[in-house]
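Protein chains: 2
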Amino acid sequence: MAVYTDVAADELAEYLSHYDLGELMSYKGIAEGVENSNFLLHTSQGSFILTLYEKRVERIDLPFFLGLMTHLATHGINCPQPVLNRAGEALGVLAGRPAAIITFLEGIWPRKPTAGHCAGVGEVLARMHLAGADFGMTRANALSVKGWRPLFAAAAPRADELQPGLAGFLAAELAYLESGVWPNGLPRGVIHADLFPDNVFFLGNRLSGVIDFTFACDDMLAYDVAICLNAWCFEGDHAFNVTKARAFLNAYTRVRKLSGAEQDALPLLARGAAIRFLLTRLVDWLNVPPGALVRPKDPLEYVRKLRFHQTVASVRDYGFEAPGMVA
Amino acid sequence: MAVYTDVAADELAEYLSHYDLGELMSYKGIAEGVENSNFLLHTSQGSFILTLYEKRVERIDLPFFLGLMTHLATHGINCPQPVLNRAGEALGVLAGRPAAIITFLEGIWPRKPTAGHCAGVGEVLARMHLAGADFGMTRANALSVKGWRPLFAAAAPRADELQPGLAGFLAAELAYLESGVWPNGLPRGVIHADLFPDNVFFLGNRLSGVIDFTFACDDMLAYDVAICLNAWCFEGDHAFNVTKARAFLNAYTRVRKLSGAEQDALPLLARGAAIRFLLTRLVDWLNVPPGALVRPKDPLEYVRKLRFHQTVASVRDYGFEAPGMVA
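Protein chains in written order, with the working numbering: chain A, 1 to 327; chain B, 1 to 327.
Treat the hints with care, as some may be off.
Claimed, not checked - Examples of chain A residues lying across from chain B (beta carbon under 10 Å, computed): (1) Asp6; (2) Tyr27; (3) Gly29; (4) Phe39; (5) His42; (6) Ser47; (7) Leu186; (8) Phe201; (9) Phe202.
Unchecked claim - A few chain A residues that face chain B, going by a derived Cβ cut-off under 10 Å, partial list only: (10) Leu12; (11) Ala13; (12) Glu23; (13) Leu24; (14) Lys28; (15) Ile30; (16) Ala31; (17) His71; (18) Leu105; (19) Trp109; (20) Pro110; (21) Leu203.
Claimed, not checked - Heads up, simulated EDC-like pairs for lysine to aspartate or glutamate below, C-alpha to C-alpha not over 16 Å straight-line: (22) Lys112(A) with Glu11(B); (23) Lys297(B) with Asp6(A); (24) Lys112(B) with Asp10(A); (25) Lys297(A) with Asp237(A); (26) Lys112(B) with Glu14(A); (27) Lys112(A) with Glu178(B); (28) Lys146(B) with Glu178(B); (29) Lys112(A) with Asp237(B); (30) Lys112(B) with Asp237(B); (31) Lys112(A) with Glu14(B); (32) Lys112(B) with Asp6(A); (33) Lys297(A) with Asp134(B); (34) Lys112(B) with Glu11(A); (35) Lys257(A) with Glu321(A); (36) Lys146(A) with Asp218(A).
No wet-lab data here; the hints were simulated from the structure.
Ideal placement from N, C-alpha and C gives every residue a C-beta, glycine not left out.
Please model the complete structure; the sequences and the hints are all you need to start from.
Listed below in structure tokens is the structure:
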């Protein structure tokens, strides 16, 4: 939940005067997203989302995010579209922050994902990976293997406050992932990098769209698959659900085949994805500012997931049996 | 800002299956209201607000609030209307809490009220007071003079943490207000009791409606006027703005005359209203639970307001000069 910055009606009216959005009828701060302040606007032309970009989001990256949404839509991916002002710009400044208005996407994110939801996510992830192939902009992934050491350094001194031995556990895992095992040469492209359930909308059983591209970047496509395995295929008690993983992976590969090298790398990539979210959650957990209006997410959920991936011998443990796959 | 309870999509779908609201297209927790969890729903039939009633709201009072909204609407007051399920009920249970769906009211609450806004509020407050005259239900005001002593007792031991001398200041004021000076015999009726700027919507300069009746009750009508003087007629630095107060009071009296006794009582009622909000804010301030997602409102704002009202000799100090008024 996040509304860090309120916006006065007159400031907003002035901002909207540069757009052709009709008359503003209401705006409500909404409890979605933990990085930015988001408002749902009703105007005489429909519903829109106004985002004020707060901490962690670099202004220089915003054209990448906004451009990607436009690019994906032209390739048939349903996602919010940046609304341009009369000067043709998607990005402005409101309440002292970078701001953008995007179209409102109807749909409901699944609080308790089913195997059917996981199949929908697998399909749309693969379609996004194909659609991103000819996107002209690039953005490095600041939260890949090289980005984990600084997060660990920030969190390690107090990690054992959460769970005795956690700092040592993380140190060993990080040393392993940094020891030259991290894959090279796998197919790369634009990844969403944060495709958690709250970023995927459904209407009934039909996936209606994908939102929140503020972590999108260039990286190995299979790393995005590994992130989704973590985000979608565990139960509320953090136990792995092989039925959901099979549904997710099968749906993905029906649209984009995973190469043998990608399949082999998946358990390692899943460990990397787990430690990435574990570390950012841990830093957030240990640094909740007084009066914060955000409840930090539980880092220990990802300890459980990481321990599971450490036991995985091959992609078949994720329920994946590619046709024609040779062990 | 408040979303205390999240609702799973399947729970919500089941709840909505008892209503004729069409297909659910989205729901977002919204950052409005500090007492309850509120969601903005889009369905194929339009926009609605779903409220889950949390702490401080007694289930037994909900029919009063919901009935009042229906009653006021039939008397021309624009306010949200309870949506009945197919069994004809406005009140249900969702996520373990009493729940109600009301129509969505378009409009924007003024972050920086002008004298024009204050005039709009004065007019609608008087119209509500007239409209409430034949409302058949009653609800005692738990936060009138008899309700302040327990709040003071809860807050006094730590009040000086906020401002040295605050406990003594409050003790003296409370002793005075309890000493038999609190008015008797003034015209009574249904009051809103919480008509702050975030509960009054405007479209352009036109008042589009009034929301949030969860403090509505029976009390002196002039006490509602006194609450609005506190809520609307001070600047951001808590200095009294006589222009706004004049606009508010004149607009009120054009619809409903304030009797001489009401006018005479207004400075005292304004002191009472100030200490009422001061005390509840102070209790909230001193009792923010760890991990609370609500930023408590500043109690000291009402110390400034109370000190001002203590200096007021007559209603004329509020800028009010009733036609034919005799000093």
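Quick rundown of the hints versus the structure:
1. Asp6: This interface hint holds because 7 Å falls under the 10 Å limit.
2. Tyr27: holds (7 Å)
3. Gly29: holds (3 Å)
4. Phe39: Holds, because the Cβ-Cβ distance from phenylalanine 39(A) to chain B comes to roughly 9 Å (cut-off 10 Å).
5. His42: holds (6 Å)
6. Ser47: Hint holds; serine 47(A) Cβ to chain B Cβ min 7 Å, cut 10 Å.
7. Leu186: The hint is violated - leucine 186(A) has no Cβ within 10 Å of chain B, the shortest such distance being about 35 Å.
8. Phe201: holds (7 Å)
9. Phe202: holds (8 Å)
10. Leu12: holds (8 Å)
11. Ala13: holds (9 Å)
12. Glu23: holds (8 Å)
13. Leu24: Since chain B brings a Cβ to about 7 Å from leucine 24(A), closer than 10 Å, the hint holds.
14. Lys28: holds (4 Å)
15. Ile30: This hint holds: isoleucine 30(A) lies near chain B, its Cβ roughly 4 Å from the closest one there, short of 10 Å.
16. Ala31: holds (4 Å)
17. His71: Hint on histidine 71(A): violated, closest Cβ of chain B at ~24 Å, above 10 Å.
18. Leu105: holds (8 Å)
19. Trp109: Interface hint status for tryptophan 109(A): holds (8 Å vs cutoff 10 Å).
20. Pro110: Holds: closest Cβ of chain B sits about 6 Å from proline 110(A), inside 10 Å.
21. Leu203: holds (7 Å)
22. Lys112(A) with Glu11(B): holds (11 Å)
23. Lys297(B) with Asp6(A): holds (15 Å)
24. Lys112(B) with Asp10(A): holds (8 Å)
25. Lys297(A) with Asp237(A): Answer holds: lysine 297(A) to aspartate 237(A) is near 15 Å, not above 16 Å.
26. Lys112(B) with Glu14(A): Given pair lysine 112(B), glutamate 14(A) holds - Cα atoms ~14 Å apart, limit 16 Å.
27. Lys112(A) with Glu178(B): Judged against 16 Å, a Cα distance of about 54 Å means the pair is violated.
28. Lys146(B) with Glu178(B): Roughly 8 Å between the alpha carbons, so the hint for lysine 146(B) and glutamate 178(B) holds.
29. Lys112(A) with Asp237(B): violated (47 Å)
30. Lys112(B) with Asp237(B): holds (12 Å)
31. Lys112(A) with Glu14(B): Since the Cα atoms of lysine 112(A) and glutamate 14(B) sit roughly 15 Å apart, the hinted pair holds (cutoff 16 Å).
32. Lys112(B) with Asp6(A): Roughly 12 Å between the alpha carbons, so the hint for lysine 112(B) and aspartate 6(A) holds.
33. Lys297(A) with Asp134(B): Between lysine 297(A) and aspartate 134(B) the Cα gap is close to 51 Å, so the pair fails against 16 Å, i.e. violated.
34. Lys112(B) with Glu11(A): Given that 16 Å is the threshold and the Cα spacing comes to 11 Å, the pair holds.
35. Lys257(A) with Glu321(A): Holds, at about 12 Å.
36. Lys146(A) with Asp218(A): holds (14 Å)
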